[in-house]
Amino acid sequence: GENVEQHPSTLSVQEGDSAVIKCTYSDSASNYFPWYKQELGKRPQLIIDIRSNVGEKKDQRIAVTLNKTAKHFSLHITETQPEDSAVYFCAASERAGGYNKLIFGAGTRLAVHP
Amino acid sequence: EPEVTQTPSHQVTQMGQEVILRCVPISNHLYFYWYRQILGQKVEFLVSFYNNEISEKSEIFDDQFSVERPDGSNFTLKIRSTKLEDSAMYFCASSGPGTRYEQYFGPGTRLTVT
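If you read the protein sequences in the order shown, they are chains Y and A. Okay, so the first sequence: first residue is 1 according to this note's numbering, each after it adds one. Okay, so the second sequence: first residue is 1001 according to this note's numbering, each after it adds one.
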């Protein structure tokens, strides 16, 4: 089955710096790659996603890139702010018949220091 | 904006007891999921549900687990005889019809088995 590896496990940056989180996946059939942000004690919140027919997607300060050949995808956050501090999870899924089982990475704890 | 809701927020039960966790997915969504997250670990897929039947289940989802959509709005997860290792945060998620891939998570139910 699918396996998702995520690095780094913790990331500490100064406010205004960029942060990059990387994930690799094992199943070449995976075709959907969302990123979730989880604040302490809260639900995972979808922040951006990318499908396998696209190489890059951007939404304001966040962007995701996908390299299907290498089977890796990355989250880029620019101009980080303290409110970006949270745990970020990548996930991969093979969309089949309308539903998609998400396989998550282990998470990256991002700390943005003022 | 519509959200997935879950009740209760926290459930404490004794080992061997049955628990039912409840979820109300987003109203026009057709695909429903349960995930769990043991404290400090990654989110793990349990089961997906569509058209009143299980689409896929993980190895974690053994005979002690069952899911049901008893009416047009609720989606439940039942654990028949809880074990200490069932202690976790249980998240319900739902995704929409057609080409919508995005999964939206509920706030979770923290299950503590003593």
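In short, the hints are calculated from the structure, not lab data. None of the values given here were measured: they were computed from a predicted structure. Worth double-checking, as some hints may not be accurate.
[Claimed, not checked] DEER-style ranges, computed between Cβ atoms: (1) 111/Y <-> 1022/A: 29 to 37 Å; (2) 1059/A <-> 14/Y: 36 to 44 Å; (3) 1066/A <-> 41/Y: 23 to 31 Å; (4) 1085/A <-> 41/Y: 16 to 24 Å; (5) 1027/A <-> 3/Y: 33 to 41 Å; (6) 1053/A <-> 81/Y: 43 to 51 Å; (7) 5/Y <-> 1059/A: 18 to 26 Å; (8) 1100/A <-> 67/Y: 23 to 31 Å; (9) 1018/A <-> 81/Y: 27 to 35 Å; (10) 1059/A <-> 45/Y: 38 to 46 Å; (11) 1081/A <-> 39/Y: 29 to 37 Å; (12) 5/Y <-> 1097/A: 41 to 49 Å; (13) 1009/A <-> 69/Y: 24 to 32 Å; (14) 1076/A <-> 27/Y: 41 to 49 Å.
[To be verified] Straight-line distance between alpha carbons at most 27 Å, and here's what the computed BS3-like set of lysine-lysine pairs gives: (15) 57/Y <-> 1042/A; (16) 22/Y <-> 1042/A; (17) 1042/A <-> 58/Y; (18) 1078/A <-> 68/Y.
Beta carbons: idealized from backbone N, C-alpha and C, even for Gly.
Original post:
Hint by hint, which ones does the structure fall short of?
Top reply: 9, 10, 12, 13, 14 and 18
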